[in-house]
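Chains as they are written, first to last, in full-length UniProt numbering: chain Z, 1 to 315; chain S, 1 to 496.
Treat the hints as calculated values from the structure; they're not laboratory data.
All residues carry an ideal CB built from backbone N, CA and C; glycine is no exception.
Treat the hints with care, since some could be wrong.
Here chain Z is said to cover these stretches of chain S; the calculated rule only asks that three of the stretch's residues, wherever they fall, bring their Cβ under 8 Å from a Cβ of chain Z [unchecked claim]:
no.	segment
1	123-130
2	221-229
3	255-262
4	317-330
5	460-470
Listed below are the residues making up each chain.
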Amino acid sequence: MLDFVLRRLAGLAMTLAAASVVVFLAMEVLPGDPAEVMLGTNARPDTVAALRQQMGLNRPAFDRYVEWTTGMLHGEFGTSYTYSTSVRELVAERVQVSLPLALLALALTTLIAIPVGAIAAARRNSAADLGIMGATQIGISVPNFWFAMLLVLLFSITLRWLPAGGFPGWAAGPWPALRALVLPAVALALPQASILARVMRSSLLETLSDDYVRTARAKGLSAGQALRRHALRNALIPVLTIMGLQFSFLLAGTIIIENVFYLPGLGRLVFQAINQRDVIVVKSVVMLLVASVILVNFVVDLAYAVVDPRLRKRR
Amino acid sequence: MLTRRTFVTGSVVVASTLSALPAWAAARKDVIVGVRLEPPHLDPTAGAAAAIGEIVYANVFEGLTRIDRNAGVKPALAEKWDISADGKTYVFTLRKGATFHDGAPFTAEAVKFSYDRARAADSVNPQKALFEPIESVDVVDANTVKVTLKRPTGLFLWNMGMPAAVILSPASAADAKTKPIGTGPFKFERWSKGTSLELTRNPNYWGPAIKLDKATFKVIGDSQASFAALMAGDVDAFPIYPAPEVLDQFRADPRFKVVVGNTEGKTIMAMNNGRKPFDDIRVRRAISMAVDRKAVIDGAMYGIAKPIGSHFAPQDPGYVDLTGKYPYDIAKAKALLKEAGVAEGTKMKLVLPPPEYARRSGEIIASQLKKVGIEAEIVPMEWAQWLSDVFKQKNYDLTIISHVEPLDLDIYARDDYYFDYKSQAYRALMAELSVTLDQAKRLELYGKAQTMLADDAVNVFLFLLPKSGVWNAKLKGLWENVPIPCNDLTEVAWED
Numbered sequence: 001m002l003d004f005v006l007r008r009l010a011g012l013a014m015t016l017a018a019a020s021v022v023v024f025l026a027m028e029v030l031p032g033d034p035a036e037v038m039l040g041t042n043a044r045p046d047t048v049a050a051l052r053q054q055m056g057l058n059r060p061a062f063d064r065y066v067e068w069t070t071g072m073l074h075g076e077f078g079t080s081y082t083y084s085t086s087v088r089e090l091v092a093e094r095v096q097v098s099l100p101l102a103l104l105a106l107a108l109t110t111l112i113a114i115p116v117g118a119i120a121a122a123r124r125n126s127a128a129d130l131g132i133m134g135a136t137q138i139g140i141s142v143p144n145f146w147f148a149m150l151l152v153l154l155f156s157i158t159l160r161w162l163p164a165g166g167f168p169g170w171a172a173g174p175w176p177a178l179r180a181l182v183l184p185a186v187a188l189a190l191p192q193a194s195i196l197a198r199v200m201r202s203s204l205l206e207t208l209s210d211d212y213v214r215t216a217r218a219k220g221l222s223a224g225q226a227l228r229r230h231a232l233r234n235a236l237i238p239v240l241t242i243m244g245l246q247f248s249f250l251l252a253g254t255i256i257i258e259n260v261f262y263l264p265g266l267g268r269l270v271f272q273a274i275n276q277r278d279v280i281v282v283k284s285v286v287m288l289l290v291a292s293v294i295l296v297n298f299v300v301d302l303a304y305a306v307v308d309p310r311l312r313k314r315r
Numbered sequence: 001m002l003t004r005r006t007f008v009t010g011s012v013v014v015a016s017t018l019s020a021l022p023a024w025a026a027a028r029k030d031v032i033v034g035v036r037l038e039p040p041h042l043d044p045t046a047g048a049a050a051a052i053g054e055i056v057y058a059n060v061f062e063g064l065t066r067i068d069r070n071a072g073v074k075p076a077l078a079e080k081w082d083i084s085a086d087g088k089t090y091v092f093t094l095r096k097g098a099t100f101h102d103g104a105p106f107t108a109e110a111v112k113f114s115y116d117r118a119r120a121a122d123s124v125n126p127q128k129a130l131f132e133p134i135e136s137v138d139v140v141d142a143n144t145v146k147v148t149l150k151r152p153t154g155l156f157l158w159n160m161g162m163p164a165a166v167i168l169s170p171a172s173a174a175d176a177k178t179k180p181i182g183t184g185p186f187k188f189e190r191w192s193k194g195t196s197l198e199l200t201r202n203p204n205y206w207g208p209a210i211k212l213d214k215a216t217f218k219v220i221g222d223s224q225a226s227f228a229a230l231m232a233g234d235v236d237a238f239p240i241y242p243a244p245e246v247l248d249q250f251r252a253d254p255r256f257k258v259v260v261g262n263t264e265g266k267t268i269m270a271m272n273n274g275r276k277p278f279d280d281i282r283v284r285r286a287i288s289m290a291v292d293r294k295a296v297i298d299g300a301m302y303g304i305a306k307p308i309g310s311h312f313a314p315q316d317p318g319y320v321d322l323t324g325k326y327p328y329d330i331a332k333a334k335a336l337l338k339e340a341g342v343a344e345g346t347k348m349k350l351v352l353p354p355p356e357y358a359r360r361s362g363e364i365i366a367s368q369l370k371k372v373g374i375e376a377e378i379v380p381m382e383w384a385q386w387l388s389d390v391f392k393q394k395n396y397d398l399t400i401i402s403h404v405e406p407l408d409l410d411i412y413a414r415d416d417y418y419f420d421y422k423s424q425a426y427r428a429l430m431a432e433l434s435v436t437l438d439q440a441k442r443l444e445l446y447g448k449a450q451t452m453l454a455d456d457a458v459n460v461f462l463f464l465l466p467k468s469g470v471w472n473a474k475l476k477g478l479w480e481n482v483p484i485p486c487n488d489l490t491e492v493a494w495e496d
């Protein structure tokens, strides 16, 4: 197990190093200049030059790369060109929205998908199964921003139960903050739950036809008992893989939903920073996201080992 | 004993009384304003983003003069001024009793500091050019400042009322990006990045008392979300509402007021005058005739924009109506193109920056140009790349953009500007204008300049960018027009 963990950690470090080079180079070749964006169309060339100097953009690329990466190793991510605030502070503010939102959406996804997928598999070809398959097909096809607008129309404009968007911050207490996250979490969870339920169903169907399940039935377990005691656990491996991917997506890929609900999440931070060529923010946030995706994959790998003890012993 | 009946009746009475007393029974003292873009920071003397002025101008920061809702120049931190006969010396008498939000007194020193900072060699002021005519700034006494100019400057008082010319305190200027400290009626309270900004009333304000205790700006970039936020009552006003297509829905709803006003945004399709074939005036005139302005306004702007025929806003004094200069005429346009040797099917690169007005107008104009045999290839481009590729490197044929600076005829006299117009006659005219102080003479020169630009068909002049605002019908005092980027809340109040 230790060997397994160490190998994974070495891979993790190498991936991060490679990602840092790619991210840095991508930002270098991106046309556009933060000083130009900040000073707009009426600026004199000497003013732009003065600002470039102030921002340290005139230094050689290699020096800036070394400074950036060593800074990150020390936990220092630099200062945003446009916001004049440390990137760490900016990210910390956004994570307070993005992380709870991702967790809430993932919890909803799991709570819906696993039982629904299991029911569909257990009652294969029944009316319930067909209904679930149809509903999940719709869930996957409906664009989530459109679904989000419907939610707003119903719950915010007509019923006025929940806010139409925005985020009051956790300082205002957990209840208003959670209220603000409910609709976006539902909008995010619907397509994810539909995907996951289908994965759950097919994975479970596959294990249910395995020999050991037949053996379990032969020794006298009911279909339900065999499913709960033997098949379910084994069917979870592909489900965990998909969940890992979904969590990474929910953490960083929610920009459209963040826009619909004007939530100050990580996705919008990066989007805004790209538009303003706030390259230091883009680089550092992208690196953090790469690191978190790698970390999530690492945790998923460990979870495989928990679900399936055979994976622990394999070298 | 409480019988069931009295209990029921009682609760019905209580409930109906409660519902008869709306939350705003006592006139509200706060307002929530929706803004489309979040400012990068809050120092208007260090960034060009309109979103900065839309929060802090007139609310947090003030200049010696200020621009009012009708685009007039009014005294602000300067009570009055005397201008020497040669137009080169301005003596400003400053407002007594004004203080910065951190308690520091407002004095002549702060004025000298702010102006010197803006025109210094290492200045990062986005409008540094406004300060270029200044020769020196001298403190006469604590309440008097003398500004000496290198030459008479017609727009000097207007320029000093712009957001980039507000007065900062020497003690707090360095942190103004994140902690703006000004002299205005509102103090900066907090900024939850990505969500909202809060201002509160400054109890020590020198001027007339404002009616609000608190103002919150909510950042809502998405058109659908801004619609939902207004409908759900999450914001009270969207002074610059992004989606003209839903205005009718608000008009039909008595809770809202829809106000369509002007900006100073001259929206043009710029032509790269330095590049072939646009260096030929016949080609520029042909393209001007090939564009059906009315169809663009109806199609891209839902009919609410005013057409322009030169680089000048119709509401500004000195305007000359030149919209009839190049009437829509395909046959004539084709003939001119043929004469200039532009072959049928010639390709042109039409670069479109992100704003909706540009993208929508561009689609329509591209199809119009097809009718005269020009294949306009649409290239959508994000803002930073547009600034670098088009604005700086002039790597384009055609582009659509709105010039929002007021009275900016001088951009056509600049060296190396992106549309590369090189007319010595026009430059001479601008040189004369900049030193002319007599108002009647100035207006005459404005007229000449407009006519010259239209004659030369420098660009295709499309329309004045409209400003449509939607706000709660009970909210009074917001500006109808936006001569400069701002949301002045000093006169905003709730009607009982």
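(request) Apply the coverage criterion to the segment 317-330 of chain S and chain Z: a residue qualifies when its Cβ sits closer than 8 Å to a Cβ of the chain, and three qualifying residues are needed. (result) That given contact is violated, which follows from only 0 residues of the segment 317-330 of chain S lying within Cβ reach (below 8 Å) of chain Z.
(message) Can you tell me if the segment 123-130 of chain S counts as covered by chain Z, using C-beta to C-beta distances under 8 Å and a minimum of three residues?
(response) holds (count 7)
(request) Count the residues of the segment 221-229 of chain S whose CB lies closer than 8 Å to any CB of chain Z, then report whether that count reaches three. (result) holds (count 6)
(message) Cut-off 8 Å, C-beta pairs, minimum 3 residues; does the coverage of the segment 460-470 of chain S by chain Z stand?
(response) violated (count 0)
(message) Is the listed coverage of the segment 255-262 of chain S by chain Z valid when you require three or more residues with a beta carbon under 8 Å from a beta carbon of that chain?
(response) violated (count 0)
Violated hints, listed in ascending order, are 3, 4 and 5; each of the other numbered hints is respected by the structure.
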